[in-house]
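Asks: With chain A held as given, fit chain B onto it using these hints.
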Amino acid sequence: MKITILDPSVVEEDEIIVKCRFLDEDITLLLNQLKNGSSKMNFYRDNKIVLVDKKEILFFESVDDKVFAYTLEDVFETKLKLYELEQILPAKNFFRANKAVIVNLNKIKSLSPAFGGRFEAVLKNGYKVIISRSYVPKLKELLGL
Amino acid sequence: MKEKIKFIISLFTRILSGIIIIDTIILCLRTGKNTQLSLIDIFGIILIAFLCSVLYLPFLTDKVFSKRKMIIMNVLYYIGINIISLSIGFWLKWFYFTKLSSFLPFELVITGTYVLVMFIFYKIDIDTADKMNQKLKEFEI
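As given, the protein sequences belong to chains A and B, one line each in that order. Going by our numbering, the letters in the first sequence line up with residues 1120 to 1264, in that order. Going by our numbering, the letters in the second sequence line up with residues 2 to 142, in that order.
The hints are simulated quantities; they were obtained by calculation from the structure and are not laboratory data. A couple of the hints might just be wrong.
[Said to hold, decoys possible] List of simulated lysine-lysine pairs, BS3-like, C-alpha gap at most 27 Å:
#1 A:LYS1257 / B:LYS124
#2 B:LYS124 / A:LYS1247
#3 B:LYS138 / A:LYS1174
#4 A:LYS1257 / B:LYS5
#5 A:LYS1185 / B:LYS70
#6 A:LYS1259 / A:LYS1200
#7 A:LYS1243 / B:LYS136
#8 B:LYS34 / A:LYS1259
#9 A:LYS1247 / B:LYS138
#10 B:LYS7 / A:LYS1257
#11 A:LYS1228 / B:LYS3
#12 A:LYS1211 / B:LYS70
#13 A:LYS1200 / B:LYS64
#14 B:LYS64 / A:LYS1257
#15 B:LYS68 / A:LYS1247
#16 B:LYS34 / A:LYS1257
#17 B:LYS132 / A:LYS1218
#18 B:LYS5 / A:LYS1218
#19 B:LYS70 / A:LYS1259
#20 B:LYS138 / A:LYS1211
#21 A:LYS1173 / B:LYS136
#22 B:LYS132 / A:LYS1247
#23 B:LYS132 / A:LYS1259
#24 B:LYS124 / A:LYS1259
#25 B:LYS7 / A:LYS1228
#26 A:LYS1259 / B:LYS5
#27 B:LYS7 / A:LYS1185
#28 A:LYS1259 / B:LYS94
#29 A:LYS1243 / B:LYS5
#30 A:LYS1257 / B:LYS100
#31 A:LYS1218 / B:LYS100
Isolated chain A (complex conformation) (with noise of 0.2 Å):
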């Protein structure tokens, strides 16, 4: 990928452009971080701001309107509804688990079948999380099955 950095003139506004023919998934991650500063994300915890690496995140979990992010360690709150978790986060390590859950991938302990061709993935922290069938297909898709 090229990179060009141009010398504006003193009226302009500092600008990044992004020139490509379509959005993959890398220039999207690079926008997002762009958007978000790093790869940490803002959380809430007793009306405090937290920052959180990505990383750290085993689940979100939407809860009465509410949006949780679970760590091994702590629960933070987050304005972000799942569907724009969805845009935001790396696509590649995030995927929605069912219409309430968006997991991170890495943080899979194991799997195992549940009624009615469902899943039930067991996390890092002990935590289980039924996937539903229609979101099966993604999560064999970013295993490479």
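Replies: For chain B alone, coordinates are given in the frame of chain A:
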């Protein structure tokens, strides 16, 4: 919807195969290997397989259920397939409720087919889970 139709077709073929396998075994044991089935009997078998497959549609939801609810759903499905099979079987005079020796083998076909089909699906899911767990291990390395 496309995925659901695909699943129902696959369930239909498995139920149909299951009924034919279990039915053949039981008929061979009960009435001998020269037993013949009429076209109406074959139509009945196809109808049962079709209705039992369609009955599974409400279970193909993305809602997350607890294990208890899933067991209840399984029991409801089993009751549903019994109602369908017994109704069609009674209508086609395959058995009589008053004659236990005709009713029990028929119930055995229903239960046997149910167990066989569920076992096939469970085995497929176990294999898929094994493959995914293997890939997860590779990811960790």
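Asks: In ascending order, which of the hints set out earlier in this document are inconsistent with the structure?
Replies: Those not satisfied are hints 8, 11, 12, 16, 25, 27, 28, 29, 30 and 31.
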